[in-house]
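S.K.: Residue numbers (our numbering), protein chains in the order written: chain U, 1 to 442; chain Y, 1001 to 1164.
Calculated directly from the structure, the hints in this document are not laboratory data. Even glycine gets a Cβ: it sits at the ideal position worked out from N, Cα and C. Errors might be hidden in some of the hints.
Pairwise CB distance ranges (calculated) [what the hints assert, rightly or not]: (1) U:131 with Y:1146: 41 to 51 angstroms; (2) U:135 with Y:1146: 37 to 47 angstroms; (3) U:115 with Y:1119: 36 to 46 angstroms; (4) U:280 with Y:1118: 17 to 27 angstroms; (5) Y:1146 with U:109: 20 to 30 angstroms; (6) Y:1010 with U:254: 44 to 54 angstroms; (7) Y:1111 with U:164: 51 to 61 angstroms; (8) Y:1107 with U:290: 55 to 65 angstroms; (9) U:136 with Y:1119: 35 to 45 angstroms; (10) U:85 with Y:1118: 31 to 41 angstroms; (11) Y:1099 with U:123: 41 to 51 angstroms; (12) U:254 with Y:1107: 35 to 45 angstroms; (13) Y:1090 with U:86: 55 to 65 angstroms; (14) U:61 with Y:1090: 27 to 37 angstroms.
Short derived list, chain U residues pointing at chain Y, Cβ under 10 angstroms [to be verified]: (15) 16; (16) 27; (17) 30; (18) 62; (19) 68; (20) 72; (21) 79; (22) 89; (23) 114; (24) 117; (25) 118; (26) 130; (27) 247.
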Amino acid sequence: MSVALSSIRHCLDGAIPAAIATCSADGIPNVSYVSEVHYVDLRHVALSYQFFNKTRVNVLANPAARVLVIDPNSGTQYELDVAYERTETDGPIFQSMRVKLAGIAAHTGMSTVFRLRGSDVYEVLAVRPVAGSGPVALPQAPLPGLRRLSERLVGCGDLELLIDALLDGLAEALSIGHSMLFLHDEAAGRVYLIGSRGYDLTGIGSEIPLGHGIVGIAAAERAPIRITHHAEEFRYGETIRDGDATRIPLPGLAHPGSQLAIPIVAGARLLGVLYVESTQSGAFGYDSEDMLVTLANQFAASLYLLDDEQHATSAPAATLATGTATIPLRLRYFRSNCSVFVDDDYLIKGVAGAILWKLLGEFTQSGRSQFSNRELRLDPDIGLPDVCENLEARLVLLKRRLLEKCSDIRIVPVARGKFRLDVARPVILEIAEEAGRGRARP
Amino acid sequence: MTSARNVIQDAGLREFIAGGVSILVASCDRDRKPVVARACGCIAGTDGLVTILVPGVRAQVLLDAVTVTGAVAVVFSEPATHRSIQIKADGASVLLADPGWDAVCDRYRRAFAGELERLGYSARMARRLVDDEAGQASGIRFTPAAIFDQTPGPRAGDPIEVAG
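Build out the structure end to end from the sequences listed, making use of the hints.
M.R.: Written out as structure tokens, the structure is:
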């Protein structure tokens, strides 16, 4: 009896270490534990290479090997006939394994010992259950929940609805209660948080550079990154105290047991990252990864279809009572990074900061309050980096930051590609002197 | 050969390999294709002979390979500490079931399943991993030719030697 490799992926997650048997050129066997067996595709697995050992000497001379894995739920054993193909020391497979190994190492108390030197890729020739070792019981992916969430995304006519449908749907249809959605700022080489669920702080506007942490690695490698056990060095939820006044704290669980970051891509282009986490170990397996990749692909296609001239389908916000309060709001603008501070509190920076400054300037000079997406996109002062830059995403970010940090200013969609700026208090606009603001970044 | 025999006559080491540790046995056939199976007990004699008990049904391919080539590699690993050693031998022989082995297997199952349960694995999974029908175990007997430290880390692969 043979089974498909894809149907035993849950046995490869390191809950119980796998073993590999090899044989030297002169016929001497060797058997060794393997920290991590990584599912690559229907015909390949990659094994962690941490030390130069007998296994490695043997497979370089004689590529035939046998891997023994155990179903962590049933105890059923499976044997894989494999043949060594190559070793990778960088790229998506390596990075994905490196991060996952950190979780396994922490879980097994081997953080100071385990370090990935390479990913040994093997072709899988056959997969069999070991006779008499237990039932071949395979887990079922929660397809009904996936379908429900997928249908929910289909009905979304604008970016805000789409973001909320995805994050609410993860909690309601798939019971994933802690999630963050990041969009890509191509010009800055970062992703910024546009929505989250399951935390005390939303973290809207917080940023992660590409390559940093599990989200940044998923973004840089365009590959899902999954950790099945707690790994201290990859947790979020801690403010980096470096004196940068424009840094918004990232939300995150203090002690995540499982983490999964899925890049959102359209063709070769990175649009963002979906990140989920759980307090439980082993909460996200390969099936969860498949599900969220499928959702991320649908989200990417939906995002691509929404142009900036979309219908304003979000529920309109109540109009602010304009100019009734007498104490003015003092807003300061730093040209070097387009950051805006309300009194002494950081509000927003970058493209969204430039947009706000432009709107407030028009509002204070001429009293104008109606604007269009099109004029913003053409405005040289705002300087959208290129034609691909998603203006709508910046408006959503700005709108949400205002809701959290400055409720006296509001952006309200009024028609297709048009919105209104509501300002409830008199505003004083100042261009700040840059000297002494060394940590504000462009 | 003498060195390995000395090592296996060390009481502490005999106790380790005959305790509740994870035991995996590998061999290879004439075509140098490796095979591997999980063992269900170990008898470490004071005469330097080691007998590994394997479930007959699950390990039939392994037993066939040992019968043909006599080459074995056995890794013993303590799940809680990762302390591991590997014993290699040639000239191993396959022995038919012995009535005295049932008690050895029972003791091993209880000890190993207890180890796994202490680490948080389910009792059901732990028992299934080492369960076998009574009276079905076969033996693989050999005199160790070499013993290696296989505890993860920079010393993994170093031969283990004892004085005397």
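S.K.: Confirm or reject each hint.
M.R.: Against the structure, the hints come out as follows:
For the pair residue 131 of chain U and residue 1146 of chain Y, the beta carbons lie near 31 angstroms from each other, so the given range of 41 to 51 angstroms is not met. A C-beta distance of roughly 39 angstroms is found between residue 135 of chain U and residue 1146 of chain Y, which places it inside the suggested range of 37 to 47 angstroms. Between residue 115 of chain U and residue 1119 of chain Y the C-beta distance comes to about 23 angstroms, which lies outside the given range of 36 to 46 angstroms. Range check, residue 280 of chain U to residue 1118 of chain Y: about 20 angstroms between beta-carbon atoms, so the 17 to 27 angstroms window is met.
Our hint of 20 to 30 angstroms for residue 1146 of chain Y and residue 109 of chain U holds, since their Cβ atoms are close to 28 angstroms apart. Checked against the hint of 44 to 54 angstroms, the pair residue 1010 of chain Y and residue 254 of chain U passes, with Cβ atoms roughly 46 angstroms apart. The beta-carbon spacing between residue 1111 of chain Y and residue 164 of chain U, approximately 54 angstroms, falls within the hinted interval of 51 to 61 angstroms. For residue 1107 of chain Y and residue 290 of chain U, the hinted distance range of 55 to 65 angstroms is not satisfied, since their beta carbons lie about 43 angstroms from each other.
In this structure the supplied range 35 to 45 angstroms is violated for residue 136 of chain U paired with residue 1119 of chain Y, their Cβ-Cβ distance being about 25 angstroms. Between residue 85 of chain U and residue 1118 of chain Y the CB atoms are about 39 angstroms apart, so this pair conforms to the stated range of 31 to 41 angstroms. In this structure the supplied range 41 to 51 angstroms holds for residue 1099 of chain Y paired with residue 123 of chain U, their Cβ-Cβ distance being about 45 angstroms. The hint said 35 to 45 angstroms for the Cβ distance between residue 254 of chain U and residue 1107 of chain Y, and at roughly 43 angstroms that hint holds.
Between residue 1090 of chain Y and residue 86 of chain U the beta carbon distance is about 32 angstroms. The supplied range of 55 to 65 angstroms is therefore violated. Range check, residue 61 of chain U to residue 1090 of chain Y: Cβ separation about 18 angstroms, and the 27 to 37 angstroms hint is violated. With 10 angstroms as the threshold, the beta carbon of residue 16 of chain U comes within range of chain Y, its nearest partner Cβ sitting at about 7 angstroms, so the hint holds. With a cut of 10 angstroms, the hint placing residue 27 of chain U at the interface with chain Y holds, because the nearest CB-to-CB distance is about 6 angstroms.
Interface hint at residue 30 of chain U: satisfied, since its Cβ lies 5 angstroms from the closest Cβ of chain Y, which is below the 10 angstroms cut-off. Using the Cβ-Cβ criterion of 10 angstroms, the hint placing residue 62 of chain U at the interface with chain Y is satisfied: the shortest such distance is roughly 6 angstroms. A least Cβ separation of about 5 angstroms between residue 68 of chain U and chain Y falls short of the 10 angstroms threshold, and the interface hint therefore holds. Interface hint status for residue 72 of chain U: upheld, as the beta-carbon distance to the closest one in chain Y is roughly 7 angstroms, under 10 angstroms.
The beta carbon of residue 79 of chain U comes within 7 angstroms of a beta carbon in chain Y, closer than 10 angstroms, and the hint placing it at the interface holds. Using the Cβ-Cβ criterion of 10 angstroms, the hint placing residue 89 of chain U at the interface with chain Y is not satisfied: the shortest such distance is roughly 19 angstroms. Hint status for residue 114 of chain U: holds, given a least beta-carbon distance of 7 angstroms to chain Y, under 10 angstroms. Because the smallest distance between the Cβ of residue 117 of chain U and any Cβ of chain Y comes to about 12 angstroms, over 10 angstroms, the interface hint for this residue is violated.
At its closest, the beta carbon of residue 118 of chain U sits 16 angstroms from a beta carbon of chain Y; the interface hint therefore is violated under the 10 angstroms criterion. For residue 130 of chain U, the suggested interface contact is upheld, since its CB lies about 5 angstroms from the closest CB of chain Y, less than 10 angstroms. Of the supplied interface hints, the one on residue 247 of chain U is violated, with its beta-carbon coming no nearer than about 38 angstroms to a beta-carbon of chain Y, more than 10 angstroms.
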